[in-house]
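The whole structure should be built from the sequences, with the hints applied where relevant.
So the chains spell out like this:
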Amino acid sequence: MIQMKRTLLKGILYGTTLAIRQGLKSNPPAIKQAGNTDCIAQIMLKDTSIGRYYVFKDGRMVETKSGLYAGQPQVSLVFQDVDTALGFLSLNADYHSIVHDAKNFKAAVLGDSKLSVWFMQLMNLIVAGNPQMGTPMPDGSTRFTTNTNGGPMFVYVKDDKILRMTPIDFDDEDAQSWTIEARGKKFTPLRQGVINPHAQGLKSTVYSDKRILYPMKRVDFDPNGERNPQNRGKSGYERISWEEATDIVANEIKRQKKVHGPGAIAMAFGSHHQWGNVGYYLSALLRFGNMIGFTRVVPNPDSWEGWYWGATHHFGNSMRVGIPGHYGLVEDCLKEAEMIVFWSSDPESTNGYASGLEGTQRRFWAKELGIDFVHIDPNLNATAQLYGGRWIPVKPGTDPALAIAIMNVWVNEGLYDKDYVDGRTTGFEQWKAYLLGEDDGVPKTPEWQEPETGVKAHVVRALARAWGNKKTYLAAGGLGTGFGGACRNATGSQWARNMILMMAMQGWGKPGVNFGNLQAGTPLDHYFYFPGYAEGGISGELNFTACAVNNYQRMPHVLSMNPVKQMIPRQRLADAIVDGKATGYLWDGSSAEAQFAPFQYPMPGYSPVHMIYRYGSSSFGTVANSDRWVDMYRHDSLECVVNQSIWMEGEAHFADIILPACTSFERHDISDWGNSGGYIHHNTDQLNHRTVVFQHKCIEPLGESKSDYQIFTEILNKLGLGAMFTEGCSELDWCKRVFESSDLPKYTSWKKFLKKGYHVIAPPPENLRTPAYFRWFAEDRHKDVPEPLPLPSQWADEAGKGLQTPSGKIEFVATTIQRGDPDNPERPALNRYVPSWEGMRTQELVDKYPLQLITSHSRYTFHTYGDAKDSTINDIADHRVCIDGYYYWILRINPADAKARGLRHHDLVRVHNDRGSVICAIDVSPLMAPGTLKSWESCAEVDLFEDPRFGRVDRGGSLNLLTPQRPQVKNTEGMGSNSCLVEVEKWTYANEELIRA
Amino acid sequence: MQKWNLIIDVAKCENCHNCTLSSKDEHEGNDFPGYAAAQPRHGAEWIKIKRRVRGEGTMVEANYQPTMCNHCDDAPCLAAGVDGAVRKRDDGIVIIDPDKAKGRKDLVETCPYNAIHWNEELQLPQVWIFDAHLLDQGWKAPRCQQSCPTKAIEAVKITDGQMNARVAREKLRVLRPEFEAKPRVYYKNLHLMDTEFLGGSVQCRINDQIECIEGAEVKLLRDNCELAKVMTDVFGDFKFDGLEPGSKDYTLKVSHPSYGSASVTADLPNSRYIDNILLEP
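The listed protein sequences derive, respectively, from chains E and Z.
Quick note on our numbering: the first sequence kicks off at 1 and runs consecutively.
Quick note on our numbering: the second sequence kicks off at 998 and runs consecutively.
Please keep in mind that the hints were generated in silico from the structure rather than gathered at the bench.
Hints are not guaranteed to be accurate.
What the hints assert, rightly or not - Computed list of lysine-lysine pairs in BS3-like fashion (alpha-carbon distance at most 25 Å, straight line):
hint: 1; chain 1: Z; residue 1: K1179; chain 2: E; residue 2: K335
hint: 2; chain 1: Z; residue 1: K1236; chain 2: E; residue 2: K470
hint: 3; chain 1: E; residue 1: K752; chain 2: E; residue 2: K158
hint: 4; chain 1: E; residue 1: K10; chain 2: E; residue 2: K25
hint: 5; chain 1: Z; residue 1: K1102; chain 2: Z; residue 2: K1148
hint: 6; chain 1: Z; residue 1: K1179; chain 2: E; residue 2: K185
hint: 7; chain 1: E; residue 1: K367; chain 2: Z; residue 2: K1148
hint: 8; chain 1: Z; residue 1: K1148; chain 2: E; residue 2: K185
hint: 9; chain 1: E; residue 1: K186; chain 2: E; residue 2: K432
hint: 10; chain 1: E; residue 1: K471; chain 2: E; residue 2: K367
hint: 11; chain 1: E; residue 1: K751; chain 2: E; residue 2: K158
hint: 12; chain 1: E; residue 1: K106; chain 2: E; residue 2: K5
hint: 13; chain 1: Z; residue 1: K1154; chain 2: Z; residue 2: K1168
hint: 14; chain 1: E; residue 1: K367; chain 2: Z; residue 2: K1168
hint: 15; chain 1: Z; residue 1: K1185; chain 2: E; residue 2: K367
hint: 16; chain 1: Z; residue 1: K1226; chain 2: E; residue 2: K367
hint: 17; chain 1: Z; residue 1: K1236; chain 2: Z; residue 2: K1250
hint: 18; chain 1: E; residue 1: K217; chain 2: E; residue 2: K257
hint: 19; chain 1: E; residue 1: K470; chain 2: E; residue 2: K186
hint: 20; chain 1: E; residue 1: K899; chain 2: Z; residue 2: K1047
hint: 21; chain 1: E; residue 1: K46; chain 2: E; residue 2: K158
hint: 22; chain 1: E; residue 1: K186; chain 2: E; residue 2: K234
hint: 23; chain 1: Z; residue 1: K1226; chain 2: E; residue 2: K756
hint: 24; chain 1: E; residue 1: K755; chain 2: E; residue 2: K736
hint: 25; chain 1: E; residue 1: K186; chain 2: Z; residue 2: K1148
hint: 26; chain 1: E; residue 1: K158; chain 2: Z; residue 2: K1216
hint: 27; chain 1: Z; residue 1: K1236; chain 2: E; residue 2: K367
hint: 28; chain 1: Z; residue 1: K1154; chain 2: E; residue 2: K755
hint: 29; chain 1: E; residue 1: K185; chain 2: Z; residue 2: K1185
hint: 30; chain 1: E; residue 1: K106; chain 2: E; residue 2: K65
hint: 31; chain 1: E; residue 1: K801; chain 2: E; residue 2: K783
hint: 32; chain 1: E; residue 1: K32; chain 2: E; residue 2: K161
hint: 33; chain 1: Z; residue 1: K1009; chain 2: E; residue 2: K186
hint: 34; chain 1: E; residue 1: K367; chain 2: E; residue 2: K470
hint: 35; chain 1: E; residue 1: K718; chain 2: E; residue 2: K103
hint: 36; chain 1: Z; residue 1: K1009; chain 2: E; residue 2: K367
These numbers come from a predicted model, not from an experiment.
Structure follows, in C-alpha cells:
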C-alpha cells in the first residue's frame, strides 16, 4: 500500500511538471504570475526519500528533475510523509487536512517568503486554469459583476476600461421573487437590485484625480534621521518605489518591536471599507495586524450608541447591540399596521444599512394601503418629503421628554395595553409614578414637555391618542429597529430606552405593533449559509470578529491572534497619544454586563504607541472633536505614520509613508449583498432578493496601486511572514475557499458563478416564512425566530422563554443598570429625563452658540466612501455645492435663522464653536426647524488652512471637528456628536493667500 | 410608428439623483460616435433635478422634478440645425450630432427649456440623448429609468395615438406647452411644482386645553363658490392643493357637529399653513 502511494506521489510530482509547462504556455493568469521570476523550488518528503525540484528562469521552467536539488533551493515544500504530500497535491484538496497538517508542522514551506508565496500561488493558478470571467456582450465589452456598500452592480468593461456600471436586472433564470398578500392586495418587489446614489457614482471615484497612483514619502521624513512629525499635514510628498516603501514600513515595524516592544504599533481604521469578504478590514487587515501585533483602536458602537448603552438593559438583545430584531415584520406591518411613527428615522437617506434603496418600494405599498405616516425629526427629511405625513419637528436632544409626555397621556387616558404590561413587563408601577409625577411632584404632561421640545401640547395629545388607538409601528432610527439619529446625542440612551418602554406599553409583538419602517424583515431565506463580512473573512481572528459563529468551521483556515492586549477607544485616540492616557468602555455584545468595566491605556507591560498604521477613509469626518487629531498627528511621540489609502484625502495628508491601495474593482472579492453577519444577524432581510456576488477584478489596478491584500503580503514577505499570511493563496484562491465554505456549491458551480457573477437565493415557500418578531414573547411562548441570542448563560430562567433581562421580561426599571452602574445620575435605572449637557438648557453655551447642529449619516455617500474624490456625487446640491470652483459641504438652515444673520441661500458660512471652525455652504429652507442646523457626518475631506482672523479653519466640511467628544452618558463610550452648539456667520476669503494649517 | 416618450411622476421623485448619476456614468469619459461626445464630469447635468419647497410651519413639502432634453417634435433646435447638426430620429429621439454641431453655440440659445448644454472644451452643444445608443443595441429602457428606485421615470415606445390617450387618461402634462415645441417628455403630478396649497390645523378649547379636532369639515370657497371640501385628520390638519400661485380671497369654512365652526380668509402669495383655526360653539 505505502509503496503504491509512493509511486503515486512520484507520478503526481512528475505530473506537476507537465501541468506547469502547459500552464506557462497557455494559461494567461499563470504566465502573468510567473512574470520574469527566477526561482529554484523543491517539493520533498522530510526524509528526503522522494523529491522533485523545479528551476524557473525568467518566468519559464528551464529544468525539473526527480530527486533533490544539488544546491540550496530557494523554496522547499517539505512534507512529513507520503499521505500528507498526497493531501496537499490533490486536485480537490481538503482544506481541513491541509490546515491541520500545516498547523502541526506536517507540512512546511521553507525558504524565501516572497518566492514561497509566488510558487504556491503559481501552482494554484495552474490548477485553476483560466476560467471565463464575466459575460461577453455584443459590443465587444465584458459584463462583470461587483458588490458595493450601495448594492450589487454590473460593470461593463472594454479594453481594460470601465464603460459603465448599472444596477442588476434579474433574469428568468434567477430565483423567483416573493409575494406578500395584505388587505386584498398582492405585493411583489421589482426584479432588480435597487442601488444607492453613492453606488451609481462609483465609476467616477475609480477614475479620479484624487487616486494615489504610486507610493510616496513625506519629503521631510527621514526614517534614518530627522522625522519632523511637527510638519505632518503641511509638507509635501515625493514618489518612491514599492521596494523602498515596503522596506521602510517593514523596517519600521521591526524597529518598533525592538526599540519599544509590543504595543508600539497601533492600527487605526474606519468602521467600513469597500465591500467584500476577502479585502475587508475585518478580513485581510486583521490577519495582517495579527501577524505584526498591534494596539487595537477599538470602535464604539457608533451607529447604535443609545441602544447599546441604554435600551439593552430594559429588554436584552445585547448581541444585536441593543436593537430589536426584524423577522417577518414587512408582512406583519403591511397586513396589520394602521400607522407608522418615524422617529428620527430617515430610511430614504440612510437606507437601514448597506441595502441599496430596496425598502423604498415597500413604503409605497404602505401608502397604497392607507397606513398613516408621522415624522418626528428636526428636519423634514427625505423620507418625510417622499411619502408625506405629519411632520413633528422636535428640538435635538429633547426627544425623551416628548416620549415621556406621550406615555403620560397613555396612562392618564388608559391608552396602553394593561394585560401586556401586567404579564410581560416588570417595574411599571414605579415608571407610572414617575410619569404622573407622584415621585417628584412633576407630572410629565404634554404641557411639561412643550417648552423643552418645542412641540405643542395639543399635537402631543393628538399623536398619543392616535398611537394609543391604532396598531402602530414605531420606526426608531433609520433602520426602524434602531440605528443612527437621536441615539447619537447626549440623551441618546434615554431616547432609545424610551422607545423600548413605549413599545412595552403598546404590546410589542402583537399583530401590527412592532418596531420598523418596512426597511427590514422581508421574507427571505435565513438558512442558506453565506458568511457576512463580520465573520472575519480570511482574518482567522476569533475574538474580535464573529468568525467563531460559523466561518471557522465552514472555511478551515489558520487562526491568527493578536497577543497585544492593550487597547485604545477610537474616540480617545488623540487623547491617548497627546495626553499619554485614556479610559474606555468596551463594545462587547456577549452580555449586558460587559460594557460596565473600564479599560485603561496604557496597559501595564506594553509600550505606548509610537507608530500608527492607518488604513482607508478619514477619521476627521467620523470621530467626534476630530480637530484634536491634528495635534495627535504632530505629536513628538509618534515616530511613524503609515497610511494605506486609495485616495489622497483626509488623513492621508498626515502620513509619512503613503501606500496606494486599489479599489475593489481592481481585485477579486466575493460577498453576499447586505450581509454583515455579526451584530446585525440576518441583515440581508432588508433586501428584496438575497444575492451573492462574485466581485470580479474588472480592470487592472490603476498606476502602481495594489490591492490591500497584496500590499500586506509584500510587507509581510519582508518579515518572513508572507506564507503564513497568504496560506499560499491569492485573493482569487481565497474567494474560492469562501465560495466552498458556503451553501452556494449546492446551487451553482464555481465555473458558472465566475461567469455569471451572481446568484439569487430563492425565498422560502410561504409556509416556511419566519414568524413576526417578538410574537413569541407577546404570547409567552418559546422563542421561534432564528437568531442565536442571547448566549445560553444569559437566560436567567428557562432558556428560550422570555428575555435576556434578569426577570425575563421587559423591565421598566433596569436591573442590570441597578447592578452594574447603580449610582450614575446620567443613567438612572429608572429612565428619568436628564436634559442634554450641550443643548438649549446650557445657557452659557447657548448665549455664545445658539444653534443646534446635527450631523446625520450621509445620504449620498456611504460614510466617507462616496464623498469628495472628484466624484460626480459632488454635483448633488443636497451634498455639496460648487462655489467659485470649490465644492463646499452643505449645511441646512431655516429661513428665519438665515435672515437673522443676513445670510442667503448658498452663502458660505463659518460654522464655529470653541472647538474649531468649518466652512460650509448653506441651504436655506423651511425644511429645517428654526434654531436647528443639519448637515452630514462622514465628510471625506479635511482641508485645513490658517485664516488670519480665526486661526485653523477647515473648508473640506468635516463638521466633526466641532462636535463634543464627551460620552453621552458617564461610564460609557457612546458618541454624543448630535449635541453640538454652534454659531454661523457669513464667511469670505481673507485677503491673504491660504496657508495649510 | 412607435416612438419613445418619457413619463415622469413628480410625486415619486425623491431626489436620489440616480438618474443624473447614471447619465454621467454612461457618458463621462465615453464617446459614442454618431450619438454623443463625452459629458463633462462636473457642471453639465444633462439630467437635472429641480427642487421646489412649499409651505410653512409643520406643513412643508419638498418636491423634485427631473428635467432633461424634451426631445420635442417641433423643437427650435431642429429648425436651427436642419443642416444635419440636429436630427430627429424616426423613433422620436432628437440627436445633436457630435461632429456636425461642433462650434454651434447658437443652438444652445434656441432651446426654450435651456436643456442644451454648451461643452466649452469640445465646443459642442450637448443634451441627454435618451440613451439612443443603448436602445439601438437592444436595451429595453434608458438608464435613468433603470436606476430609478421608485420608477418615477418611465420610458414608453408607443404610437403617438396611444400616447395621446395615455396623456388624457393620466392627466399628463408637458412643460410650457405655450412654446409649442411638442415635447416628448411628460409629467405626472406637475402641480406639485407649479401650484400652491392652502392648509391648516383645526383646534378647539376643551376643558381648558387646546385639542386638535379630527373629522371637522373644511370647505374652500372663493366668491361664495365652494371649490372643494375635505375632512381634518387626527392632527386637525387639512390641505387644499393645486391652487393658482398668487391667487387671493379664499375663505375657509370649518365646522364640526360637536365643536362648532370657524371661518378664515386667506390669500396665497405662497403656500400657507394656518396652524390655529379655533372652533367656537
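Would you pick out the hints that fail for this structure and give their numbers low to high? Numbers 1, 5, 6, 9, 21, 22, 23, 26 and 28 - these are the hints that the structure violates, sorted from lowest upward.
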